[in-house]
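Q: Chain by chain, the residues:
2 protein chains.
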Amino acid sequence: MKQNIYDNNTFFSKYQEIRARENNYNNLLEQPNFFTLLPTLKNKTVLDIGCGVGDFAAYCISQGAKNVTGIDISSNMITKAKKHHIHQGLYFEQVAFEDMEVPNGTIDFISSSLAFHYIADFQLLIKNISTALCEGGILLFSLEHPIVTANKGKESWVTNEEGNLLHFAIDNYQNEGLRTQNWLVDNVIMYHRTLSTILNTLIENGLQIEKVIEPIPTEEALYSLPSLSKEFRRPTFLIIRAKKGYINS
Amino acid sequence: MKQNIYDNNTFFSKYQEIRARENNYNNLLEQPNFFTLLPTLKNKTVLDIGCGVGDFAAYCISQGAKNVTGIDISSNMITKAKKHHIHQGLYFEQVAFEDMEVPNGTIDFISSSLAFHYIADFQLLIKNISTALCEGGILLFSLEHPIVTANKGKESWVTNEEGNLLHFAIDNYQNEGLRTQNWLVDNVIMYHRTLSTILNTLIENGLQIEKVIEPIPTEEALYSLPSLSKEFRRPTFLIIRAKKGYINS
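Residue numbers (the working numbering), protein chains in the order written: chain A, 1 to 249; chain B, 1 to 249.
Calculated directly from the structure, the hints in this document are not laboratory data.
All of these numbers come straight from a predicted model, not from anything done at the bench.
For glycine and all other residues, C-beta sits at the position ideal for the given N, C-alpha and C.
One or more hints might be untrue.
[Said to hold, decoys possible] Cβ pair distances, simulated, as ranges: (1) A:G64 x B:P32: 47 to 57 Å; (2) B:H87 x A:Q123: 38 to 48 Å; (3) A:E220 x B:N23: 45 to 55 Å; (4) A:P226 x B:A20: 45 to 55 Å; (5) B:V95 x A:D99: 57 to 67 Å; (6) B:I189 x A:D99: 52 to 62 Å.
The following block holds chain A by itself, in its conformation from the complex (with noise of 0.2 Å):
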């Protein structure tokens, strides 16, 4: 079953408040990272799953792109999307990617922030994905870093009797599937892949690495958020960007 949990309405405004603070890890850590593998967007067509209220997808109108359409399962999200983000070529859907008809190579850019990890059948994802692709094409996307979804919802941080972090705990690495956590509401679902598997289903289906990010916090981000000095003893985010195409030699 697909979850929509950003129309749970409890659960959007907490995340809504989250996101309209500035010093938050998607604006210091996450988005950073993943705007210095962006392609050129000049010309080109774009998708982006799990765009949210749209602000990605109206950057790449912004930067030239042909067409850009914007999914996300959650009505709350679209609803914002189609009323704060007017263009011409500037499309958005309430869809699941999996429902969504995708022609055949034709997508320059799939791009994707921190969604991934709520799609249960990532194997069909990817294929999909490469499928829609044109040759050529980038496919750049965000998650949680294998070594947090681990565990999640078990132990994470482990202190000492005087509340210092002693470690980060990481277990279950090998079980993949099904995580349950309580994060803004209780029984937020979202699933685990392990590493190799993420990177062996691009690898299969035709999309080549081309970076790895592990993002770690600059001395700004720091200073307006000290908490992310954690980043340097376990990353929160992993961030890669593939190319669909064939290795040569």
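Take the given structure of chain A and dock chain B to it, following the hints.
A: Frame of chain A, contents of chain B only:
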């Protein structure tokens, strides 16, 4: 400074004891997975970095490789290799890869089992490997997983009062470089690199990722060595196969 721990005689005799047992991590976990990624060896020129006592180099000859060079920094290892494996086309040399003169683009296959985490300059290592490989040549290597090397020498498995394993401790992940551990003898040194450093260094040097394995034990291996069940909780090894070439589309 290059470490030559295998020429420490206390270390070497303890190491030989472990390897003499059939039910060790190498035989049950690392080697079977390493072998699944071997390229065709028939008529190939092979270089094995950190060849130890030369068993793998001799195996390559048995599979039809044209010539195979095994190198190792340890004279203990090379002495044994030369004594036990004598064959036309099979060469052993006591030398660090950094000090070896490798002709450009002439090697079809470079292998290395559990040696790269001892080498200080990973960038230079991979640059030289890429230079040595012919177009389409294969690099296959295994090393200790970054999840394990990150906090090496400090906390690892955390147990409760009854001695049961609670979880594995990860820390210092983004702090790459020297680690000191007590394994067989005191102060064995190795180097931690993040997963993204390992992958990006390959890619930046024209080596495209073909497959990544984080090995889990078979049922037979678990029966032979029950402590391997820990491998489901966090991986000990990382095995990568890469191909010299460029991404075409």
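Q: Hints first: check each against the structure and report whether it holds.
A: Do the hints match the structure? See the list:
no., hint, result
1, A:G64 x B:P32: 47 to 57 Å, "holds, 51 Å"
2, B:H87 x A:Q123: 38 to 48 Å, "holds, 44 Å"
3, A:E220 x B:N23: 45 to 55 Å, "holds, 52 Å"
4, A:P226 x B:A20: 45 to 55 Å, "holds, 52 Å"
5, B:V95 x A:D99: 57 to 67 Å, "holds, 59 Å"
6, B:I189 x A:D99: 52 to 62 Å, "holds, 54 Å"
In the structure shown, no violation is registered for any of the earlier numbered hints.
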